[in-house]
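I would like the entire structure built from these sequences, with the hints used as guidance.
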Amino acid sequence: MYLAMLTKGETGTIARLVGSKQIVKRLTDLGFVPGAEITVRNELAGDLIVDLKGTRLALNRSMAMHILLR
Numbered sequence: 001m002y003l004a005m006l007t008k009g010e011t012g013t014i015a016r017l018v019g020s021k022q023i024v025k026r027l028t029d030l031g032f033v034p035g036a037e038i039t040v041r042n043e044l045a046g047d048l049i050v051d052l053k054g055t056r057l058a059l060n061r062s063m064a065m066h067i068l069l070r
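Going by the UniProt record's numbering, the first residue of the sequence shown is number 1, and it counts up by one from there.
In short, the hints are calculated from the structure, not lab data. Because the structure is a prediction, the values reported are computed rather than measured. Some hints could be false.
Dumping the calculated SDA-like pairs for lysine to any residue here, alpha-carbon to alpha-carbon at most 25 Å [to be verified]:
#1 K53 to A4
#2 K25 to T11
#3 K21 to N42
#4 K25 to N60
Derived CB-CB ranges, DEER-like [claimed, not checked]:
#5 N42 to K21: 29 to 35 Å
#6 A45 to K21: 15 to 21 Å
#7 T55 to I23: 27 to 33 Å
By construction, the Cβ of each residue, glycine as well, lies at the ideal position given by its N, Cα and C atoms.
In structure tokens:
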């Protein structure tokens, strides 16, 4: 399941990142790494507001499709 498929209040654990080297690097730099727990807090205009390692981040759905959860 991809992060983009979660809805408000759901939690998942990152299994892996998929996509080009640039996309994977960008997501990794933001803290999206395998094993990290992520919770969707809200959905606004197609974007996801997520909690990741104690930080709240906004992520568009196209980027969220590069994050595979277990």
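Verification of the hints:
no.	hint	result
1	K53 to A4	18 Å, holds
2	K25 to T11	23 Å, holds
3	K21 to N42	28 Å, violated
4	K25 to N60	16 Å, holds
5	N42 to K21: 29 to 35 Å	30 Å, holds
6	A45 to K21: 15 to 21 Å	29 Å, violated
7	T55 to I23: 27 to 33 Å	19 Å, violated
When each numbered hint is compared with the structure, violations occur for hints 3, 6 and 7.
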